[in-house]
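With chain A's structure known, arrange chain B on it following the hints.
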Amino acid sequence: MIEQLGNGLLLGLIVAIASVSLSLLYGVTRIVNFAHGEIIALGAVLTLFFSSSPESSFLYLDRFSPLGSSFIVSSIASILLCGLFGALLELCLFRPLRKNNYGNVAVLVITIGLSIFLRHIFLLFASAKPASYALDLQKREDYFGIQLTPRNVQVLIIGSVVMILVGLFLTYTKTGRAMRAVRDSSELASVSGINSDYIITLTWIFSSMLAGFTGIIQGVINNVRWNMGFLILLLIFAGSILGGIGTSFGAMFGGFIIGMLVQLSVGLSFMDGHTEAKNAIALALMILILLIRPQGIFGSKERIS
Amino acid sequence: MNKAIIEVNGLAAGYVKGLNILQGIDLVIKENEIISIIGPNGAGKSTLLKAIMGLIPISGGRLYISGNELTNFKSHELIKKGIGYVPQVANVFPSLTIEENLEIGLWTKTKNSKEGKKEIFEMFPILSEKKREKAGNLSGGQRQLLALGRALITKPDVLLLDEPSAGLSPIAIDEVFKSISEINNKGVSILLVEQNAKRALTFCDRGYVLDQGKNSYTGTGRDLLDDPNVIDLYLGKL
Chain A
1 MIEQLGNGLL LGLIVAIASV SLSLLYGVTR IVNFAHGEII ALGAVLTLFF
51 SSSPESSFLY LDRFSPLGSS FIVSSIASIL LCGLFGALLE LCLFRPLRKN
101 NYGNVAVLVI TIGLSIFLRH IFLLFASAKP ASYALDLQKR EDYFGIQLTP
151 RNVQVLIIGS VVMILVGLFL TYTKTGRAMR AVRDSSELAS VSGINSDYII
201 TLTWIFSSML AGFTGIIQGV INNVRWNMGF LILLLIFAGS ILGGIGTSFG
251 AMFGGFIIGM LVQLSVGLSF MDGHTEAKNA IALALMILIL LIRPQGIFGS
301 KERIS
Chain B
1 MNKAIIEVNG LAAGYVKGLN ILQGIDLVIK ENEIISIIGP NGAGKSTLLK
51 AIMGLIPISG GRLYISGNEL TNFKSHELIK KGIGYVPQVA NVFPSLTIEE
101 NLEIGLWTKT KNSKEGKKEI FEMFPILSEK KREKAGNLSG GQRQLLALGR
151 ALITKPDVLL LDEPSAGLSP IAIDEVFKSI SEINNKGVSI LLVEQNAKRA
201 LTFCDRGYVL DQGKNSYTGT GRDLLDDPNV IDLYLGKL
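Heads up: the protein sequence lines correspond to chains A and B, in order.
Our numbering applies: residue 1 is where the first sequence begins, and numbers increase by one.
Our numbering applies: residue 1 is where the second sequence begins, and numbers increase by one.
For reference, chain A alone in the conformation it holds in the complex:
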């Protein structure tokens, strides 16, 4: 099991960041966004699109690499475009739905439709074959008994810094506070002088940028696939719910635990040869924990009066 610790840390980090972005979006907009996985994939696909080398196996896109092979520049551009995509989703789709008082279930079904639509757009343009960024191959080395490549270590550091920055942003900035206020009650935020629509748009941008970032690091650690967001979506939901849906720090923690457990369970003896079933144990544990603590690990019971 110990040999899975490095992979566990990496998957834990990915699920943790993705859970924060999903949980924040849910908290502020009350939208259970099934298309969140596709925004994650969008970050990875766009980065591949921008930085792909001529010999890339990406269909149609193999000769299009406007930003050359600069992976960093391509990543930053992709994250910004994911933010723009989030803003467009809010302005062109979810805000009109909100203004027309569409029910939660209707909006949920729309996000499922959006997810399927986007995923197949990726399939159409990016082929079904997994692709990798044009980064040199690295060997795993020993870091305090954990096997990781130097790039994995960089990813762990950058990912942790991003999570800390997100935490600081939500806790200490005026906008972060306003996001938490709209999460508690958008009506009360409005009558406190906050333009809730503006904060919701900012949340879409912020959450989508975070999701795009997650996709990029997922692409670095594994590879880029058309359905990579969909495959990880269930783990993200599990992480958010386990931590306490709507609580950012809970989602961070819950996501990390789920990601770790999924990967560590691969090392269990009876899982030998059945690694595709690795989600089972983590999700079973999630159900167990929620039976005991329905509000999630960090979710709090609050007075209703």
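By construction, these hints were calculated from the structure, which means they are not laboratory data.
Where is the CB? At the ideal position from N, CA and C, for every residue including glycine.
Incorrect hints may have been included.
Here are some chain A residues pointing at chain B (derived, C-beta under 7 Å) [stated by the list, open to error]:
#1 S186
#2 S190
#3 S192
#4 I194
Listed next, the in silico DSBU-like pairs over lysine-lysine satisfying Cα-Cα at most 35 Å (straight line) [as the list claims (entries may be wrong)]:
#5 K174/A to K131/B
#6 K174/A to K118/B
#7 K214/B to K130/B
#8 K174/A to K214/B
#9 K74/B to K99/A
#10 K114/B to K134/B
#11 K174/A to K198/B
#12 K186/B to K74/B
#13 K99/A to K109/B
#14 K134/B to K174/A
#15 K130/B to K198/B
#16 K174/A to K155/B
#17 K174/A to K178/B
#18 K178/B to K214/B
#19 K99/A to K198/B
#20 K174/A to K186/B
#21 K99/A to K17/B
#22 K114/B to K198/B
#23 K186/B to K139/A
#24 K114/B to K80/B
#25 K155/B to K178/B
#26 K278/A to K129/A
#27 K130/B to K174/A
#28 K186/B to K99/A
#29 K81/B to K174/A
#30 K81/B to K99/A
#31 K118/B to K99/A
#32 K99/A to K178/B
#33 K174/A to K80/B
Same frame as chain A, but now just chain B:
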């Protein structure tokens, strides 16, 4: 003569298009006044406050704030025009600390945030003691004080209060009404919706009685308390 801060003429509004709960309400709140709105359940009292606050669309009539027509302005824009509002339920941000709740009230202000908080903490010392606690852990009475503080921190000209005594203990109700009175003494007009009609009419300068979305009676608090029709319909025999 005191000038009108809020003036409502023939206001019609409702939650669903074509189904107006308010059917032509007239109302004036002048500087420094305490106005009570009373009436049976479903008369449209809370709906009136929500319509004034831009939380539900106004389908007829006009709303003037300090002489300017602001019909169907958005809530966050009305706050800048000098209105404060405390809803009946969900009137604090439960996951934010008390201090953060007050800071949210300062969203529209760029300066004097420390000064504003200090004033509120002086007015409500209990909030100062618990300023790092989550608002969700406060008792009903303390929540009401925090909600008042959050609305007051913008220094509004008029404060709209939706049933501030709902669900509170008699001691907490006394405390909340004492605070409202102090706020009014500082020059803030009060528009109060209350279930406790006798208390509200004793407390206010003038009152409006609503019934089925229309004005039915209006007058000074004393006059309404003595009016046999109002007694029969809403107050019961004294």
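Given pair status - K186/B, K174/A, alpha carbons within 35 Å:
Distance ~29 Å between K174/A and K186/B Cα, so the pair holds.
Status of the S192/A interface restraint (C-beta, 7 Å, chain B):
5 Å, holds
Hint check: K99/A vs K198/B, CA-CA at most 35 Å. Holds or violated?
40 Å, violated
K174/A and K155/B: Cα distance at most 35 Å?
This hinted pair holds, its Cα atoms lying about 20 Å apart.
Hint consistency between K130/B and K198/B [alpha-carbon to alpha-carbon, up to 35 Å]
33 Å, holds
Does the structure keep K118/B and K99/A at a Cα separation of 35 Å or less?
38 Å, violated
Taking 35 Å as the top limit, are the C-alpha atoms of K174/A and K198/B close enough?
42 Å, violated
For the hint on I194/A, just tell me whether its beta-carbon gets within less than 7 Å of chain B.
Holds. Min distance 5 Å.
With a cut-off of 35 Å on the C-alpha distance, tell me whether K81/B and K99/A pass.
Given that 35 Å is the threshold and the Cα spacing comes to 24 Å, the pair holds.
With a cut-off of 35 Å on the C-alpha distance, tell me whether K74/B and K99/A pass.
Holds, at about 13 Å.
Starting from K114/B, check that the Cα of K198/B is at most 35 Å away, please.
39 Å, violated
Between the alpha carbons of K186/B and K74/B, is the straight-line distance 35 Å or under?
27 Å, holds
Hint compliance for this structure: hints 1, 7, 8, 11, 19, 22, 23, 28, 31, 32 are broken, all remaining hints hold.
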